[in-house]
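Engineer: Sequence:
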Amino acid sequence: MPADAVSVSPSGTFGSATLVVALDLSKVLAGGFSAAQGRFAATYNVYVAALVPSGVLGLSDASWFVLYPATRAWGELGSPIAAYLEGIAENATNFVEISILQEMDVTGLVGSEIYIGYGTSDTEMLLERRYRGVYKVQ
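According to the numbering used here, the stretch in the sequence shown is residues 50 to 187, in order.
Hints were generated in silico from the structure; no laboratory data involved.
Glycine included, every Cβ here is placed at the ideal spot set by N, Cα and C.
Be aware that a few hints might be false.
Unchecked claim - The following label-pair restraints were derived from C-beta to C-beta distances: (1) P129 - G157: 35 to 45 Å; (2) G160 - A138: 33 to 43 Å; (3) D110 - F144: 30 to 40 Å; (4) D110 - S75: 36 to 46 Å; (5) G104 - K76: 33 to 43 Å; (6) P129 - L106: 39 to 49 Å; (7) P51 - L134: 34 to 44 Å; (8) E135 - K76: 12 to 22 Å; (9) S170 - S75: 30 to 40 Å; (10) A52 - G107: 31 to 41 Å; (11) P118 - P59: 27 to 37 Å.
As the list claims (entries may be wrong) - Distance condition first, Cα-Cα at most 20 Å in a straight line; then the derived EDC-like pairs of lysine to aspartate or glutamate: (12) K76 - D53; (13) K76 - E173; (14) K76 - E152; (15) K76 - E177; (16) K185 - E139; (17) K185 - E146; (18) K185 - E135; (19) K185 - D53; (20) K185 - E162; (21) K76 - E125.
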């Protein structure tokens with residue numbers, strides 16, 4: 050995912066952090082991101098995940114978490130990876146704004162990294178490396 054496709058807007062303090070990410074789909078879906086594979090995708094998904102390092106939250110190993118939009122809660126990443134947004138038509142919008150943190154206390158999450166990605170599925174996103182780190186709590 051190109052760096053210029055993502056705009057990150059952090060604000061607040063460790064005790065009350067807000068993070069909004071805007072994903073410019075026109076920079077990642079130009080001509081249809083499946084066009085290079087000889088097909089056009091009907092829909093795509095957007096994913097939001099966080100890599101929390103070992104020692105943080107009492108974790109013995111680094112662990113992945115995913116953001117569930119319906120509850121605005123984080124949970125352990127499973128398979129398949131839960132999409133933050135699903136079934137978005139390729140031509141439906143050029144910008145997706147994702148409110149990742151809303152006045153959240155991130156004091157105990159120093160070193161954690163937030164990632165966003167997109168693809169026709171979680172497998173396709175990972176195989177085609179359609180993701181990038183967008184923010185590190187520090």
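Engineer: For a C-alpha distance cap of 20 Å, please report whether K76 and D53 respect it.
Structural biologist: 8 Å, holds
Engineer: Would you mind confirming whether the straight-line C-alpha gap from K76 to E177 stays at or under 20 Å?
Structural biologist: Holds: K76 and E177 sit about 16 Å apart, inside 20 Å.
Engineer: Within 30 to 40 Å: is that where the Cβ-Cβ distance between S170 and S75 falls?
Structural biologist: 22 Å, violated
Engineer: Starting from the range 30 to 40 Å, see whether the pair D110 and F144 falls in it by beta-carbon distance.
Structural biologist: Holds - the Cβ-Cβ distance for D110 and F144, about 36 Å, lies within 30 to 40 Å.
Engineer: Does the Cβ pair P51, L134 satisfy 34 to 44 Å?
Structural biologist: 19 Å, violated
Engineer: For the pair E135 and K76, does the Cβ-Cβ distance stay inside 12 to 22 Å?
Structural biologist: Between E135 and K76, where Cβ atoms are some 21 Å apart, the hint holds.
Engineer: Would the hint linking K76 and E125 be met if the CA-CA limit is 20 Å?
Structural biologist: 30 Å, violated
Engineer: For K76 and E173, compute the direct alpha-carbon distance and say whether it is at most 20 Å.
Structural biologist: 18 Å, holds
Engineer: Could you grab the alpha-carbon distance between K76 and E152 and see if it respects the 20 Å cut-off?
Structural biologist: Roughly 29 Å separates the two Cα atoms, so the pair is violated.
Engineer: 39 to 49 Å was suggested as the range; check whether the CB atoms of P129 and L106 agree with it.
Structural biologist: 24 Å, violated
Engineer: With the threshold set at 20 Å, check whether the alpha-carbon distance from K185 to E135 stays at or below it.
Structural biologist: Given that 20 Å is the threshold and the Cα spacing comes to 25 Å, the pair is violated.
Engineer: Sort out whether E139 lies within 20 Å of K185, counting only the CA atoms.
Structural biologist: Between K185 and E139 the Cα gap is close to 29 Å, so the pair fails against 20 Å, i.e. violated.
The structure fails to meet hints 1, 6, 7, 9, 11, 14, 16, 18 and 21 from the earlier list, while all remaining hints are met.
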